[in-house]
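K.L.:
Next come the chains, spelled out residue by residue.
Protein chains: 2
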Amino acid sequence: MTNPILIEVTRGDRVESTHRGAIVVVDTSGKRRAAIGDVGARVYPRSAVKVIQALPLVESGAADRYGLGNPELALACSSHNAEPRHVAIARKMLAAAGRSEADLECGGHAPMDKAAADALVRTGQKPGRIHDNCSGKHSGFICLACALAADPAGYVRPGHPVQREITAALAATTGADLGEPAVDGCSIPAYAIPLDKLALAFARLVTGEGLAPQRAAAARRLVNAVHAEPFMLAGTGRFDTEALELFGRRLFLKSGAEGVYCAAFPDLGLGVALKCDDGSGRASETLMAAAIETFLPPSDAEQVAFAGRLAPSVSTRAGVGVGAVRPVAGLVAALRAS
Amino acid sequence: MTNPILIEVTRGDRVESTHRGAIVVVDTSGKRRAAIGDVGARVYPRSAVKVIQALPLVESGAADRYGLGNPELALACSSHNAEPRHVAIARKMLAAAGRSEADLECGGHAPMDKAAADALVRTGQKPGRIHDNCSGKHSGFICLACALAADPAGYVRPGHPVQREITAALAATTGADLGEPAVDGCSIPAYAIPLDKLALAFARLVTGEGLAPQRAAAARRLVNAVHAEPFMLAGTGRFDTEALELFGRRLFLKSGAEGVYCAAFPDLGLGVALKCDDGSGRASETLMAAAIETFLPPSDAEQVAFAGRLAPSVSTRAGVGVGAVRPVAGLVAALRAS
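Top line first, the protein sequences correspond to chains X and D. The opening residue of the first sequence carries number 1 in the numbering used here; numbering runs sequentially from there. The opening residue of the second sequence carries number 1 in the numbering used here; numbering runs sequentially from there.
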């Protein structure tokens, strides 16, 4: 099926560009509360499932063994900006396991935060693996390997004990038949998972329903850590961090590359998953904002604070607004009605 | 109509993301040689029409009056990287008209070239208007204003003599009824123009057919300038520059924001215009590469040199190829057959 246009980008009185996609909202039984587009299609969730990938870190006892608190656990779920605190906490996690950033196998890239990237340039440093947005997750993987008494070397490969644990957590939380993996940007296995199963996993993560008691407890601990430390999940100016700071415990969410976003509304017992066909981040963020607006009707103050996410402005470089990224007419109503 | 998927992005053995769009190839009479998708739809061509917007600079005599040679004229058509030579030539153009970068009204942003951007950071400089990718075009506008004996102030506004000249050039080359403009990212008027009319304009630019003699001569001079100075049109690592260096005078092309690309094959007397619905640059570049491969069958050596543009690799951050951005099966055949 052809997914519908969900987000449009305007300039003047015309639509300049359009984004298609699918979005699904399910309860803990998997019953659909809203579904637009092909919500049974398999997508690579990318970084949106980092919280699931962090479950074994807690379940294995590694988090306790290495004294990982809220900042460390939130960072293990993060796609961080490599701001100084992110980097410091990643280094602390590695040191707790007696390891260092030399053990990271996540590649590396310039910090996502411009100020952090500029600081490296000014001091003549090259970005390292520790600055990779996945370095917190990978530091957690290394802690897990050490707690399992496995050699961390090769922890990104499918057969490694770390990846076996993660694959089991993904299969259990989503209930999906995972099949053979591809490779993610940070070199770990990337499984293609039906969108509605991703939404189900998120409903389970925030309620514990459908999970074994130990796994439910681990999920609760990770979700609490993210709520206690929203900065650690992303960073300055990032959608995830801003939305968590604004909506608090009523919302849990995590972005992924290539237009994926997952979320949950703990009070409602609902999970959300969406994918924009073209992989656009501006579209997936605006679509997630529409879902949040629909299911967590914001107060007037929240509406004002969230306005820039609900319909981000398209501006000239001289700073004049000339258009917007916005949900198509009727999207919020369609989400509410379906 | 719903445009078809033209470009897909793979990861492992799956398609992770898809890009829809339209592409049209026409001769100088407007006859379609290839057409996929809604090629009559109006799109904002954005920077793809900078060469048309530079026609009045030559036609008015401003280029001669201020001694603008190939580097200056190519820069007037450019979306440049703000590498040192781009910035120096823009400053030279402004100085020739007795003006300075303080007269630029294009906003400003960090240089598109990473080394140039880093150089500013290292020396504690903020990016200025001169670093805006449109500063060469705007320097040309200021030269035009001065040659017209008009006050350059406000040259970005619709009623200014500069914009009246540009609008006339757009109307004449495209043959389109332009309607009311929106505002482009660099603050000048942005007209929505049918895709097939953009392709026609490019066929005319490189052949002179369908243009008044003076305008045809101006187009020839600009096209020659770009061929003499492909670096000035974009810069290091950019598709436009690399393609011009590889295919030389057999190709003329210019990228635009939001997934637009225009080109021409001078020897064949054909113009090309394409727009990816979602505004994706990776998609518009790969689609343009497919059009080039179709109409300018590359030699073996060209094929090797162009391979990274025909199907750009999707890699892990550790540098391992795990997928590709590529035309959908049958696209080249469809372009050839239609």
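Honestly, I wouldn't trust all of these hints.
Remember, identical chains collapse to one label, so a pair may be satisfied in a single copy or spanning two.
SDA-like, lysine to any residue: derived pairs with alpha carbons at most 20 Å apart [unchecked claim]:
id: 1; residue 1: Lys114; residue 2: Ile5
id: 2; residue 1: Lys126; residue 2: Thr316
id: 3; residue 1: Lys126; residue 2: Arg317
id: 4; residue 1: Lys126; residue 2: Ala115
id: 5; residue 1: Lys31; residue 2: Glu83
id: 6; residue 1: Lys31; residue 2: Leu296
id: 7; residue 1: Lys114; residue 2: Pro127
id: 8; residue 1: Lys31; residue 2: Pro189
id: 9; residue 1: Lys92; residue 2: Pro127
id: 10; residue 1: Lys126; residue 2: Ala102
id: 11; residue 1: Lys31; residue 2: Ala334
id: 12; residue 1: Lys31; residue 2: Ala117
id: 13; residue 1: Lys31; residue 2: Ala337
id: 14; residue 1: Lys126; residue 2: Ala318
id: 15; residue 1: Lys126; residue 2: Glu293
id: 16; residue 1: Lys114; residue 2: Phe239
id: 17; residue 1: Lys126; residue 2: His109
id: 18; residue 1: Lys126; residue 2: Asp103
Read the hints as simulated data drawn from the structure, not as lab findings.
K.L.:
Compare the structure with each hint and give your call.
P.N.:
Structure-based check of all given hints:
no.	hint	result
1	Lys114 <-> Ile5	neither (32 Å within a copy, 34 Å between copies)
2	Lys126 <-> Thr316	between (32 Å within a copy, 18 Å between copies)
3	Lys126 <-> Arg317	between (29 Å within a copy, 14 Å between copies)
4	Lys126 <-> Ala115	both (14 Å within a copy, 13 Å between copies)
5	Lys31 <-> Glu83	neither (40 Å within a copy, 55 Å between copies)
6	Lys31 <-> Leu296	within (19 Å within a copy, 54 Å between copies)
7	Lys114 <-> Pro127	both (13 Å within a copy, 14 Å between copies)
8	Lys31 <-> Pro189	neither (29 Å within a copy, 50 Å between copies)
9	Lys92 <-> Pro127	within (18 Å within a copy, 36 Å between copies)
10	Lys126 <-> Ala102	within (14 Å within a copy, 34 Å between copies)
11	Lys31 <-> Ala334	within (17 Å within a copy, 43 Å between copies)
12	Lys31 <-> Ala117	neither (44 Å within a copy, 50 Å between copies)
13	Lys31 <-> Ala337	within (15 Å within a copy, 48 Å between copies)
14	Lys126 <-> Ala318	between (32 Å within a copy, 15 Å between copies)
15	Lys126 <-> Glu293	neither (41 Å within a copy, 37 Å between copies)
16	Lys114 <-> Phe239	within (15 Å within a copy, 25 Å between copies)
17	Lys126 <-> His109	within (9 Å within a copy, 23 Å between copies)
18	Lys126 <-> Asp103	within (17 Å within a copy, 37 Å between copies)
The structure shown violates the earlier hints numbered 1, 5, 8, 12 and 15.
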